[in-house]
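Participant: Turn these sequences into a full structure, and let the hints steer you where they fit.
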Amino acid sequence: MIFNSFEFFVFFCVVVGLYYCFSHHWQNCLLLIASYVFYGWWDWRFLFLIFLSTSLDYFCGLLIYNEPSKTKKHHYVLISIIINLTLLGFFKYWNFFSDTLFSSLHFIGIHPSFTMINVILPVGISFYTFQKMAYSIDVFRGKQKPTHSFLNFALFVSFFPLLLAGPIERASALLPQIENSRQFNKDKFIRGLNLIFWGLFMKVFVADNLAVIVKQIYGNKNSTGVEYIIATWAFAFQIYGDFSGYTDIARGVSKCLGIDLIHNFKNPYFSIDPSDFWRRWHISLSTWLRDYLYIPMGGNKTSREKTYRNLMVTMLLGGLWHGSAWNFIIWGGFHGMLLCIHRFSKNIKIVFMESHSSIIIYMAKAFVMFQFICIGWIFFRAESYGQIKTIMYHIVTLSSIPIGQAFDLLGKVSFFIAIPFAVMLFQILKDNWVIWEFDCKYIKYVDFRCQPLYLKSFLYACVAYLLCFYGAKAQSFIYLQF
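If you're matching positions, the sequence shown starts at 1 in this note's numbering and goes up one per residue.
Treat the hints with care, since some could be wrong.
BS3-like, lysine-lysine: derived pairs with alpha carbons at most 27 Å apart [what the hints assert, rightly or not]:
(1) Lys-365 - Lys-346
(2) Lys-143 - Lys-70
(3) Lys-365 - Lys-430
(4) Lys-412 - Lys-365
(5) Lys-301 - Lys-70
(6) Lys-215 - Lys-473
(7) Lys-365 - Lys-266
(8) Lys-389 - Lys-221
(9) Lys-346 - Lys-266
Keep in mind that the hints were calculated from the coordinates and are not lab data.
Facilitator: Written out as structure tokens, the structure is:
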């Protein structure tokens, strides 16, 4: 069951219809049952896995908190981490490592006669595993008190809007909302519906239409460098529309249920440096990697060389988290290299790099950074190392197509990215008053929330028209595979 399906629409209406008829305790019971139905809709056999891992971390949290010995606390948190990583490693990386082993053996002339088992990847395991691990670690660090209610903890782990593809919520933010009573709030419910509507638009109109263009070009070995460049720009907005669309739907569904989730994207394609990009893209994952991997390794509080090492290790593991394939590791290493270069450049006082006062400089830096991000997306999107080399060769040699054909392709891409680009542009200008050329009081003339009802209705009608008549055939969300 995916968000952009008719089954989910019926499921959501039934859950919301019953939800506010119950008291707080029964609301949580309903949500837990709904979450397990939602997860079991994909493959009911993995319900036992999520229940087992939930039980493990629930009891580990209590044992860590109640144990007076720091040594034993350390043992319990290690048990939680090891079992969680073992389950994640087996289900997510078994096929990758077994295929790599077979390829290596064949390369040196050994042809094993035995066959390796093929393991099915449980949807969402990367997300809920990291969420549970953060809970156990925070209890160990004394930053989080464990919940004594198994019902509440199980709902924290399996809450259906974020179960399959995040965001990765912290217990300190989500558990109190689960534990406290929730009443119907008309304004929050309407904001939730708006987020669902916008998320569907980003997914069905933006991402799924761009996916057709990207697949056509990346799947054709005869594509030219210009086509690959335009297709990579298209993929940048495809994956943004796909993942941010999923997150907005998840946030909207949660708001309708009286629960707020983290804002996972903040105009990432207007980042001005690599560090800024990771403060804006997949925020729940980047902050998780920072708090539970980068900082424990020493962060930037060590020597310069160790800081570079910490950055590279964090991003390589972040790339591996995304998928069990070498292209994701290369993608993570590329971003690690960008972060290291950026940190090195901060030690060299470059006036141009430090100036943010001019909107022209800001946009120029954002444009350059976007091109580096797109280079990374080539590694992410490519299906093999050979395809990466082919794409890079054509881009570097800049093999071209007739100018009319190039403009036609660019026009198609621009049609689908125009609205999200305009929204991001306005938000980045509004949030950076230092480059905003008008006084704050004039913002009301361009802020959507301040517009009269008739204008809002017209804009909604335009978006609905694009969604209904230009929306592509429903496709699965990209991040469900991670």
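Participant: Does each hint fit the structure? Answer for all of them.
Facilitator: Do the hints match the structure? See the list:
no.	hint	result
1	Lys-365 - Lys-346	holds (15 Å)
2	Lys-143 - Lys-70	holds (15 Å)
3	Lys-365 - Lys-430	holds (18 Å)
4	Lys-412 - Lys-365	holds (26 Å)
5	Lys-301 - Lys-70	holds (25 Å)
6	Lys-215 - Lys-473	holds (14 Å)
7	Lys-365 - Lys-266	holds (17 Å)
8	Lys-389 - Lys-221	holds (12 Å)
9	Lys-346 - Lys-266	holds (23 Å)
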